[in-house]
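Peer 1: Using the sequences and the hints given, assemble the complete structure.
There are 2 protein chains.
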Amino acid sequence: MSDDNQQIENVVRAFSDCWNRHDMEAFAQLFAEDAEFVNVVGLWWKGREEIKRAHVATHATMFKNSRLTIDKVAIRLVTPDVAVARSSWELSGHLSPAGEALPGRKGILMNLLARTNGIWKIIDAQNTDIIEGVLAPPQHGKRN
Amino acid sequence: MSDDNQQIENVVRAFSDCWNRHDMEAFAQLFAEDAEFVNVVGLWWKGREEIKRAHVATHATMFKNSRLTIDKVAIRLVTPDVAVARSSWELSGHLSPAGEALPGRKGILMNLLARTNGIWKIIDAQNTDIIEGVLAPPQHGKRN
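In the order they appear, the protein sequences are chains Z and V.
In case it helps, this note's numbering puts the first sequence at residues 3 to 146.
In case it helps, this note's numbering puts the second sequence at residues 3 to 146.
To be clear, the hints were calculated from the coordinates, so they are not data collected in a lab.
Among these hints, one or two may not hold up.
It does not matter which identical chain is used: a pair holds within one copy or between any two.
As the list claims (entries may be wrong) - Here are the computed lysine to any residue pairs in the SDA-like style, where the Cα-Cα straight-line distance is at most 25 Å:
(1) Lys-48 <-> Lys-74
(2) Lys-54 <-> Asn-119
(3) Lys-108 <-> Ser-4
(4) Lys-74 <-> Glu-52
(5) Lys-48 <-> Ile-72
(6) Lys-108 <-> Gly-120
(7) Lys-48 <-> Gln-8
(8) Lys-108 <-> Ser-98
Peer 2: Structure follows, in structure tokens:
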């Protein structure tokens, strides 16, 4: 693996490492200051501070003891300093708003990274749940 | 609006125009040959041909008479030749696998575009349903 690919993969691995330590300060530092992030239900966060605040809130509650496992990281360099990294993930140990344990979830995370002053940061991210067995689900109905 | 932003917005507008004409040949031409696309249920298509084949299949069935409306297009230039374009959308007129009319859906589409030989093409896309009223839903339950 090239040095660039290794550095990019390290950022994506740090995403789950910080998540699993519930260290949202370190998590936020993976993002550029003006990064944007769309989560699995279409919340659109603008800027590192919003991304951090949202994750601090969920990691104090539903994601407090959750564990995120990121599978292979597929990397495509768009330019020498811009790359798309995409990974399947699994989440376990998360709770409902009422505090009940929930079954595991799977999804696909897209991270767009750019290198500035030698450091790769996430400048954009979008996350999508994997809903098995359907091509495109009805939005207002039961999904399984 | 700068010429670049206008050209990028034109590609995103063409995404919905081609969708609404159900012209999947023209739709496919908006993508670079090695483009990737993750749809709202986490299907990960690799290459223009796979993207085209999947959309030809759905536009012969569930999306045959569907209408996609793309709201504002938020554009961020990453380099002079690479841009992220993100838009909220609404879909109506789509059917269930059994052929029943389904309620409208909303989501957020991320397109990553690159300019090659003066032409902006989509090199990566990821789509996410908007599920209102929840921060991050259980994957195997009712969502509303």
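Peer 1: Does each hint hold? Answer for all of them.
Peer 2: Hint-by-hint comparison with the structure:
1. Proximity of Lys-48 to Lys-74 under the C-alpha cut-off of 25 Å is restricted to the inter-copy arrangement: shortest distance 16 Å between copies versus 27 Å within a copy.
2. Proximity of Lys-54 and Asn-119 under a CA criterion of 25 Å is satisfied intra-copy only: 23 Å inside one chain copy versus 39 Å between copies.
3. For the homomeric pair Lys-108 and Ser-4, neither the shortest alpha-carbon distance inside one copy (29 Å) nor that between copies (40 Å) is at most 25 Å.
4. In this assembly of identical chains, the alpha carbons of Lys-74 and Glu-52 lie at most 25 Å apart only when taken from different copies (21 Å versus 28 Å within one copy).
5. In this assembly of identical chains, Lys-48 and Ile-72 lie within 25 Å of each other by CA distance both inside one copy and across copies; the values are 24 Å within and 20 Å between.
6. Proximity of Lys-108 to Gly-120 under the C-alpha cut-off of 25 Å is found in neither arrangement, the shortest distances being 32 Å within a copy and 38 Å between copies.
7. In the homo-oligomer, the alpha carbons of Lys-48 and Gln-8 lie at most 25 Å apart only across protomers (22 Å), although the nearest pairing inside one protomer, at 27 Å, exceeds that limit.
8. Proximity of Lys-108 and Ser-98 under a CA criterion of 25 Å is satisfied in both settings, with 16 Å inside one chain copy and 23 Å between copies.
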